[in-house]
Amino acid sequence: MDQLNNYLFVAAILFSLGVFGVVTRRNGIAVLMGVELILNAANINFIAFSRFGATAAGNINLDGHVFGLLVIVLAAAEAAVALAIIINIYNNMNTINVDEASSLKQ
Amino acid sequence: MITEFAFWFIVFMTVISAGTVVLSNQLVYSAVALLFTLFGVAGLYVFLWADFIAGVQILVYVGGILVLIIFGIMLTNRITSVRLSQTNVQQGVGAVVLIWLFIFLSMVITKTPWLTRPAVEPIGTTAGVGTLLLTKYLLPFEVISVLLLGALIGAAVLSRKEN
Chain A
0 MDQLNNYLFV AAILFSLGVF GVVTRRNGIA VLMGVELILN AANINFIAFS RFGATAAGNI
60 NLDGHVFGLL VIVLAAAEAA VALAIIINIY NNMNTINVDE ASSLKQ
Chain B
0 MITEFAFWFI VFMTVISAGT VVLSNQLVYS AVALLFTLFG VAGLYVFLWA DFIAGVQILV
60 YVGGILVLII FGIMLTNRIT SVRLSQTNVQ QGVGAVVLIW LFIFLSMVIT KTPWLTRPAV
120 EPIGTTAGVG TLLLTKYLLP FEVISVLLLG ALIGAAVLSR KEN
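Just so you know, the protein sequences line up as chains A and B, in that order.
Going by numbering that gives the first Met the number 0, the first residue of the first sequence is number 0, and it counts up by one from there.
Going by numbering that gives the first Met the number 0, the first residue of the second sequence is number 0, and it counts up by one from there.
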């Protein structure tokens, strides 16, 4: 619980699973979920290093929190745009299989 | 003792539900498992004394992104269509990449002498984060608000019906 390595290992597991989901899933929305897992893994690392790498005065380093906040905002923007694109692809090509939807134009 | 138990419970819940997210055949099951993963990550933030980030995680991820993803699943899932396999043929290669990546990251984590320093638990982090956002990180804060506006307009333009 008070070990930095525990958090880093959880983040490593989440990151590996996210990469696995991104490369093996064929549904566009499932790929998006893999990306969310990767972003969460990065965020755990930011917050963990901010907690364990304290300033000289013994306060926790809040810069990591700001980075985590920005990552969460970016994830929200990315999810909104990605879902708009996926729904557009579904309307135009009637599939969201990322292997089939490979052409930029109909 | 009880906090130790809660920590490992949260860790295992996060990891197992993350595995369900990438391995489940039903997309809706994946979305529900993602809910537990996000809650577990928020719990880890609480253990890392990041109360504000944990709240933002629940508000934005669970309340926003997950609802968006479930909307996307409902809008793109044909009920009458035959159920296809959710994974492509690269699952074997993907598993090799997964294991290799995890071993590599584990070696990096265990072999690096991390410089840690003991810290006192803060009463709350919200005030500190807010001060940093409006002083040291004012420019990224403004840039990301412009980016959010752009993403909002872009998503609205993309999903609008052409006429």
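Because the hints were derived from the structure by calculation, they are not lab data.
Fair warning: there could be bad hints in the mix.
Unchecked claim - Label-pair distances were calculated between CB atoms; the ranges are: (1) B:Asn24 with A:Ala56: 27 to 35 Å; (2) A:Val70 with B:Ala126: 14 to 22 Å; (3) B:Leu74 with A:Ala56: 50 to 58 Å; (4) B:Arg159 with A:Lys104: 31 to 39 Å; (5) A:Asn4 with B:Val119: 18 to 26 Å; (6) B:Val88 with A:Leu73: 30 to 38 Å; (7) A:Ser101 with B:Ala126: 14 to 22 Å.
From a predicted model like this one, the values you see are computed outputs, not experimental measurements.
The C-beta atom is built at its ideal place from N, Cα and C for all residues, glycine as well.
Results of checking the hints against the structure:
1. As the Cβ distance of B:Asn24 to A:Ala56 is approximately 52 Å, the hint placing it in 27 to 35 Å is violated.
2. A C-beta distance of roughly 21 Å is found between A:Val70 and B:Ala126, which places it inside the suggested range of 14 to 22 Å.
3. Our hint of 50 to 58 Å for B:Leu74 and A:Ala56 holds, since their Cβ atoms are close to 51 Å apart.
4. Taking 31 to 39 Å as the suggested C-beta distance range, the pair B:Arg159 and A:Lys104 does not conform, at roughly 19 Å.
5. At roughly 21 Å, the beta-carbon separation of A:Asn4 and B:Val119 lies within the given 18 to 26 Å, and the hint holds.
6. Range check, B:Val88 to A:Leu73: about 32 Å between beta-carbon atoms, so the 30 to 38 Å window is met.
7. Distance hint check for A:Ser101 and B:Ala126: the Cβ-Cβ separation is about 50 Å, which falls outside the suggested range of 14 to 22 Å.
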